[in-house]
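Q: Order-wise, the sequence lines are chains R and H.
All you need for our numbering is the position in the first sequence, starting with 1, plus 613.
All you need for our numbering is the position in the second sequence, starting with 1, plus 2.
Don't take each hint at face value.
Unchecked claim - The calculated EDC-like cross-link candidates involving lysine to aspartate or glutamate, where the alpha carbons are at most 20 Å apart (straight line), are:
(1) K655/R - E55/H
(2) K662/R - E628/R
(3) K715/R - E84/H
(4) K655/R - D87/H
What the hints assert, rightly or not - Far from chain H by the CB rule (all over 12 Å, computed), these chain R residues:
(5) S625
(6) G629
(7) T630
(8) L657
(9) L669
(10) F676
(11) E701
(12) S707
(13) I717
(14) P728
Derived from the structure by calculation, the hints contain no laboratory data.
Even glycine gets a Cβ: it sits at the ideal position worked out from N, Cα and C.
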Amino acid sequence: AQSVTQLDSHVSVSEGTPVLLRCNYSSSYSPSLFWYVQHPNKGLQLLLKYTSAATLVKGINGFEAEFKKSETSFHLTKPSAHMSDAAEYFCVVSTAEDSSYKLIFGSGTRLLVRP
Amino acid sequence: EAGVTQSPTHLIKTRGQQVTLRCSPISGHTSVYWYQQALGLGLQFLLWYDEGEERNRGNFPPRFSGRQFPNYSSELNVNALELEDSALYLCASSRKPRMNTEAFFGQGTRLTVV
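Using the sequences and the accompanying hints, generate a full structural model.
A: Printed below as a string of structure tokens:
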């Protein structure tokens with residue numbers, strides 16, 4: 614069965630410092646992985662997706678994520694945090710078990726950016 | 003290109019009432035997904051419709067139901083509302099799903115049950 618675990622419920626960084634949001638996955642086959650961001654009282658926006666074409670995936674707003682099969686990880690990073698990055702971030706794995714497609718969400722990581 | 007649109011944006015209902023939420027997918031998308039995001043419970047999968055048929059259902063009671071219309075728009079119906087149904091209901095759409103298909107989300111409907 615597919616699952617995803619976000620290791621930190623909250624992450625706090627200072628503006629201009631690097632961001633690291635951690636995600637581990639469990640999959641019985643090569644997964645498709647996504648990161649979504651949700652600003653307060655808004656829907657979810659796709660940041661990036663991994664589909665086995667390249668292990669380092671670049672997304673919008675300067676975010677990127679690296680797929681590491683040996684560590685079953687798909688951590689999200691950004692070199693320099695901006696105040697507008699404060700939001701909740703979700704790591705997501707897709708599954709197609711029994712021919713039924715589903716997106717499985719992690720529990721989310723709330724990113725706080727301090728001035 | 004218009005994104006996924008949901009209506010209404012906010013709704014207040016009384017316990018025991020019924021509610022209908024609406025979702026219009028991105029043009030060309032045949033699949034619609036519904037998720038419930040209740041405080042402290044994360045995103046819970048409710049329903050998946052594709053080409054007018056219910057394809058998958060999450061672990062919710064039968065009073066949560068829906069349908070998809072020929073134009074691929076969708077409704078989510080909740081009967082006999084309970085206080086714990088208060089949540090943000092998110093709709094997403096995608097093309098015919100494969101493993102690497104991403105879904106695009108609407109802004110959600112905030113339902114408050116009093």
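Q: Next step is simple, just say for each hint if it's right about the structure.
A: Here's how the hints hold up against the structure:
Note on K655/R and E55/H: the hinted pairing is violated, with a Cα-Cα distance of about 28 Å set against a maximum of 20 Å. Taking the CA atoms of K662/R and E628/R, the gap is near 25 Å; set against the 20 Å cutoff, the hint is violated. Only pairs whose Cα atoms come within 20 Å are accepted, and K715/R paired with E84/H is rejected, the gap being roughly 26 Å. Distance restraint check for K655/R and D87/H: the Cα-Cα separation of roughly 19 Å lies within the 20 Å cut-off, and the hinted pair is therefore satisfied.
Residue placement check: S625/R keeps its beta carbon more than 12 Å from all beta carbons of chain H (closest about 20 Å). G629/R, annotated as away from the interface, keeps every beta carbon of chain H farther than 12 Å; the closest lies near 29 Å. The non-interface label for T630/R is consistent with chain H: the shortest C-beta to C-beta separation is roughly 27 Å, beyond 12 Å. Separation of L657/R from chain H is inadequate, the least Cβ-Cβ distance of about 4 Å not exceeding the 12 Å criterion.
The claim that L669/R lies off the interface holds: its Cβ sits roughly 16 Å from the closest Cβ of chain H, which is beyond the 12 Å cut-off. A cut-off of 12 Å between C-beta atoms confirms that F676/R is not in contact with chain H; the least separation is 15 Å. The Cβ of E701/R does not lie farther than 12 Å from every Cβ of chain H; its closest approach is about 10 Å, which violates its non-interface assignment. Distance check for S707/R against chain H: the nearest CB is about 6 Å away, which does not clear 12 Å, and the non-interface claim fails.
Distance check for I717/R against chain H: the nearest CB is about 8 Å away, which does not clear 12 Å, and the non-interface claim fails. Under the 12 Å C-beta cut-off, the non-interface status given to P728/R relative to chain H holds; the minimum distance is some 27 Å.
When held up to the earlier numbered hints, the structure conflicts with 1, 2, 3, 8, 11, 12, 13 and fits the remainder.
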